[in-house]
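K.L.:
If you read the protein sequences in the order shown, they are chains Z and C. The first sequence begins at 1 in full-length UniProt numbering and counts up by one. The second sequence begins at 1 in full-length UniProt numbering and counts up by one.
Treat the hints with care, since some could be wrong.
One side only, chain C facing chain Z, incomplete, derived with CB under 7 Å [claimed, not checked]: (1) 144; (2) 193; (3) 198; (4) 540.
Simulated pairs of lysine to any residue, SDA-like, Cα-Cα distance not exceeding 25 Å [unchecked claim]: (5) C:204 x Z:98; (6) C:192 x Z:70; (7) Z:71 x C:339; (8) C:160 x C:128; (9) Z:64 x C:333; (10) C:189 x C:140; (11) C:557 x C:476.
Label-pair restraints from in silico Cβ distances [unchecked claim]: (12) C:129 x Z:152: 56 to 66 Å; (13) C:81 x Z:93: 58 to 68 Å; (14) C:356 x Z:176: 52 to 62 Å; (15) C:194 x Z:17: 17 to 27 Å; (16) C:81 x Z:84: 46 to 56 Å; (17) Z:22 x C:513: 35 to 45 Å; (18) Z:21 x C:128: 38 to 48 Å; (19) Z:17 x C:468: 35 to 45 Å; (20) C:194 x Z:152: 25 to 35 Å; (21) C:433 x Z:22: 21 to 31 Å; (22) C:533 x Z:22: 57 to 67 Å.
These are computed hints drawn from the structure, not numbers from a lab. All of these numbers come straight from a predicted model, not from anything done at the bench. Where a beta carbon is used, it is the ideal one built from N, C-alpha and C, also for glycine.
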Amino acid sequence: MNEEIKSFTISIYTENNIGLLNRISAIFQRRHINIESLTTSQSEIEGVNRFVIVVNITEAQAQKIIGQFQKQIEVIRAYYHTEEETIFQESGMFKIKSDLLFNEPQIQNIIKESNARIVTVNKEFFVLEKSGRRNEIESLRRDLNIFGIMQFVRSGRISVTKEEMKITEMLLAFNNQ
Amino acid sequence: MNTETANKTREVLSKTERITGSEAIIKCLIAEDVDILYGYPGGAIMPVYDELYKFRNKIHHVLTRHEQGAAHAAQGFARISGRVGVAMATSGPGATNLITGIADAQIDSTPLVCITGQVPSHLLGTDAFQETDIIGISTPVTKWNHQVTKASEIPEVLAKAFYIAKSGRPGPVLIDITKDAQFGELDFKYEKCTGVRSYIPTPKTNLESVKAAAKLINAAKKPMIVWGQGVILGEAEEQLKAVIEKTGIPAAWTIMGASAIPTSHPLNIGMVGMHGNYAPNKLTNECDVLIAIGMRFDDRVTGSLDTYAKQAKVIHFEIDPAEVNKNVYADVAVLGNSKDSLTELLPLLNENSHGAWHQEFKDLYAIEFEKVIKDDLHPTKEGLTMGEVLKEINVQSKGDAAIVSDVGQHQMIACRYSEFNKTKSNITSGGLGTMGFALPAAIGAKMAAPEREVVAIIGDGGYQMNIQELGTIFQQKVPVKIVVLNNEFLGMVRQWQQLFFDKRYASTEMTNPDFVTIAKGYHIDGKRVTKREELADAIKEMMASKESYFLEVCVEKEDNVFPMIPSGASVSDIRLS
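With the hints as extra help, turn the sequences into a complete structure.
P.N.:
What follows is the structure, encoded as structure tokens:
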């Protein structure tokens with residue numbers, strides 16, 4: 001049961017220190033695990049960072065690397081979750097020539113149907129932003145690619161878990177020791 | 001320290017004073033009871049060395065001949081004493097030369113604090129002279145590391161460094177300090193670190209799991225203990241002894257666990273692993289309950305995991321949660337410090353003797369004795385064996401010496417045949433297998449425990465990897481005893497070439513210098529032994545010496561170490577020849 005390769009989302013709550021990214025990525029690199037996406041930001045707690053990392057591994061591997069993350073001094077807590085256990089999305093940005101908006105009326109329909117948002121428009125180009133699942137962003141990219149995309153970028157996955165994360169309680173427990 | 005003095009110390013330390021960063025570094029070291037450190041000066045650490053000069057009556061800096069020697073000496077210091085070893089180096093090559101020792105300390109859980117100088121902060125990232133990204137380089141091999149760029153950070157960071165190095169599962173910490181932080185001033189006040197909010201050093205022992213473990217052990221017909229260094233690091237030797245004496249369970253050790261229980265103890269059934277004893281390896285695959293205490297199921301211990309103790313229920317006593325289920329699945333895992341866990345376990349265990357089960361170990365020992373041990377310790381052929389040298393050292397030291405071994409054939413022989421009466425007596429590079437470890441580690445060990453006899457057992461290969469440390473031994477007058485077992489080969493590699501590469505001896509033959517002359521060049525007295533009849537007297541002379549002494553023993557060139565579990569084979573497939 002543990003041997004099937006699946007997509008896991010790893011969440012790591014950490015102190016906000018220089019060099020921690022290196023320490024975390026080294027754990028993947030040493031085990032020859034490719035990182036599909038990595039995002040780091042402030043978490044819900046002031047001064048605590050959260051890494052959200054997507055990897056394709058077995059559950060047995062996931063359990064073992066969680067142990068390695070937890071072992072790092074500045075890691076407060078690490079978890080792994082399956083896709084079903086999280087709510088997640090990505091964000092894509094598209095830079096497109098403004099002429100196309102007027103010369104290719106279809107583009108306006110594509111924008112409307114995809115629920116993409118226009119971030120800015122000027123004479124030369126306009127910028128679209130689309131948040132959602134990977135396949136939705138990919139589908140929009142394929143549709144727009146027919147007309148030409150000047151620039152495209154997609155973010156890593158961001159996700160929150162359905163279960164409660166008791167990081168605040170954990171930190172309070174330390175303070176009350 | 002009694003409470004009154006402790007309070008006074010705290011008072012003195014908590015007073016604020018305006019000093020430089022480099023003086024603060026020395027004061028932090030003194031506050032952490034560091035009286036010896038090992039290192040090598042250079043540009044980016046010079047302000048600290050200037051302070052070391054001023055504080056030379058309080059803190060003894062040992063100038064090694066290479067930074068790798070400093071790291072290994074600090075390891076030897078830590079391993080024999082249980083204290084934190086301290087090594088210091090300059091930036092760039094000084095720092096990178098520490099890395100092998102740091103990696104060794106990481107895999108063997110040795111508490112070290114390494115302090116490196118760094119180029120001034122405004123030059124960071126400019127490829128300045130002797131700048132190297134030592135934080136990046138040391139990240140995978142340190143328990144924790146940190147770069148200090150402001151003098152004011154020094155006390156807190158160093159307090160944290162000592163706390164992290166020593167607590168929980170110990171390990172090496174590297175603190176990189178820029179030169180401007182050393183020159184800068186701060187309001188100095190030192191408070192020892194007592195906790196870090198993101199770090200749980202020792203998980204609490206769970207009583208339910210201890211009960212589950214006791215139930216399995218009490219019901220077991222053929223239980224076997226394998227203990228590792230966790231028993232020594234957790235200072236649980238007495239507790240382990242009480243457990244095995246009450247239950248009569250045969251107990252084996254990994255190379256890192258050696259000496260925690262005296263060799264002569266009747267329940268001590270020897271070493272597990274690639275060159276361990278026949279009985280405990282074979283019977284690992286016969287026991288019904290395998291009780292692992294403070295060990296991590298290294299591949300040199302388990303051989304092929306697919307065929308390792310599959311018939312047994314496994315109980316794993318372990319301080320580091322990441323080790324549980326890493327290599328071997330544990331039916332019961334007891335997290336926590338080995339001393340606490342074994343203390344909880346003892347009253348729940350039934351008395352037993354396991355007589356018939358013991359007989360199985362004795363029978364297999366008899367086979368090993370006939371096929372291997374007899375020829376190692378009582379050879380009838382002309383050439384000297386490494387085993388008989390160890391046997392003679394045992395006799396003359398009465399088992400009281402601390403044995404510091406390097407890596408290779410002589411190491412396996414030293415670990416197999418040394419007789420230990422006291423804990424923390426087997427100092428060797430276990431996990432990393434670092435040739436060159438023993439000579440500098442012996443320096444650190446002898447300085448940390450001057451009352452003990454420290455004998456370094458080294459091969460002719462490893463000896464030449466850090467031979468320059470003879471200079472340190474001479475300058476510091478460290479009375480270590482150095483035994484080089486010279487077979488003019490990189491013996492272990494040659495053994496593999498013989499067994500697995502059809503005797504193609506690629507680059508394993510050594511044309512060696514006159515080692516005794518070299519020792520004498522450093523004013524270290526020494527002797528070369530080539531005949532059996534000279535051996536006992538030579539060892540006697542060495543042991544009687546009040547100073548450092550060098551003994552070269554020319555042993556049989558192409559002897560092999562057996563038993564042997566071929567790489568990747570099962571522990572049951574252990575070979576006797």
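K.L.:
Work down the list of hints and note, for each, if the structure agrees.
P.N.:
Status of the hints after comparison with the structure:
Taken as an interface hint, residue 144 of chain C checks out: its beta carbon lies about 4 Å from the nearest beta carbon of chain Z, inside 7 Å. Interface restraint check: residue 193 of chain C against chain Z, minimum CB-CB distance 12 Å, threshold 7 Å, status violated. Interface hint status for residue 198 of chain C: upheld, as the beta-carbon distance to the closest one in chain Z is roughly 4 Å, under 7 Å. The beta carbon of residue 540 of chain C is not positioned within 7 Å of any beta carbon in chain Z (closest approach about 48 Å), and the interface hint is therefore violated.
Using a Cα cut-off of 25 Å, the hinted pair residue 204 of chain C and residue 98 of chain Z is violated, with the two alpha carbons roughly 64 Å apart. Note on residue 192 of chain C and residue 70 of chain Z: the hinted pairing holds, with a Cα-Cα distance of about 24 Å set against a maximum of 25 Å. Straight-line distance between C-alpha atoms of residue 71 of chain Z and residue 339 of chain C comes to about 21 Å, which keeps the hinted pair within the 25 Å bound. For the suggested pair residue 160 of chain C and residue 128 of chain C, the alpha carbons sit about 29 Å apart, so the restraint of at most 25 Å is broken.
Only pairs whose Cα atoms come within 25 Å are accepted, and residue 64 of chain Z paired with residue 333 of chain C is accepted, the gap being roughly 15 Å. Only pairs whose Cα atoms come within 25 Å are accepted, and residue 189 of chain C paired with residue 140 of chain C is rejected, the gap being roughly 32 Å. At most 25 Å may separate the alpha-carbon atoms for a hinted pair to count; residue 557 of chain C and residue 476 of chain C exceed this at roughly 34 Å. A hinted range of 56 to 66 Å for the beta carbons of residue 129 of chain C and residue 152 of chain Z is inconsistent with their spacing of about 44 Å.
Between residue 81 of chain C and residue 93 of chain Z, the C-beta spacing of about 59 Å keeps the proposed range 58 to 68 Å intact. Taking the beta carbon of each, residue 356 of chain C and residue 176 of chain Z are about 54 Å apart, inside 52 to 62 Å as hinted. Between residue 194 of chain C and residue 17 of chain Z the C-beta distance comes to about 20 Å, which sits within the given range of 17 to 27 Å. The beta-carbon spacing between residue 81 of chain C and residue 84 of chain Z, approximately 52 Å, falls within the hinted interval of 46 to 56 Å.
A beta carbon spacing of about 43 Å between residue 22 of chain Z and residue 513 of chain C agrees with the range 35 to 45 Å that was offered as a hint. Between residue 21 of chain Z and residue 128 of chain C the C-beta distance comes to about 24 Å, which lies outside the given range of 38 to 48 Å. Taking the beta carbon of each, residue 17 of chain Z and residue 468 of chain C are about 37 Å apart, inside 35 to 45 Å as hinted. Range check, residue 194 of chain C to residue 152 of chain Z: Cβ separation about 52 Å, and the 25 to 35 Å hint is violated.
The hinted range of 21 to 31 Å is satisfied by residue 433 of chain C and residue 22 of chain Z, whose Cβ atoms lie roughly 26 Å apart. Taken as a hint, the range 57 to 67 Å holds for the pair residue 533 of chain C and residue 22 of chain Z, whose Cβ atoms sit roughly 59 Å apart.
The structure shown violates the earlier hints numbered 2, 4, 5, 8, 10, 11, 12, 18 and 20.
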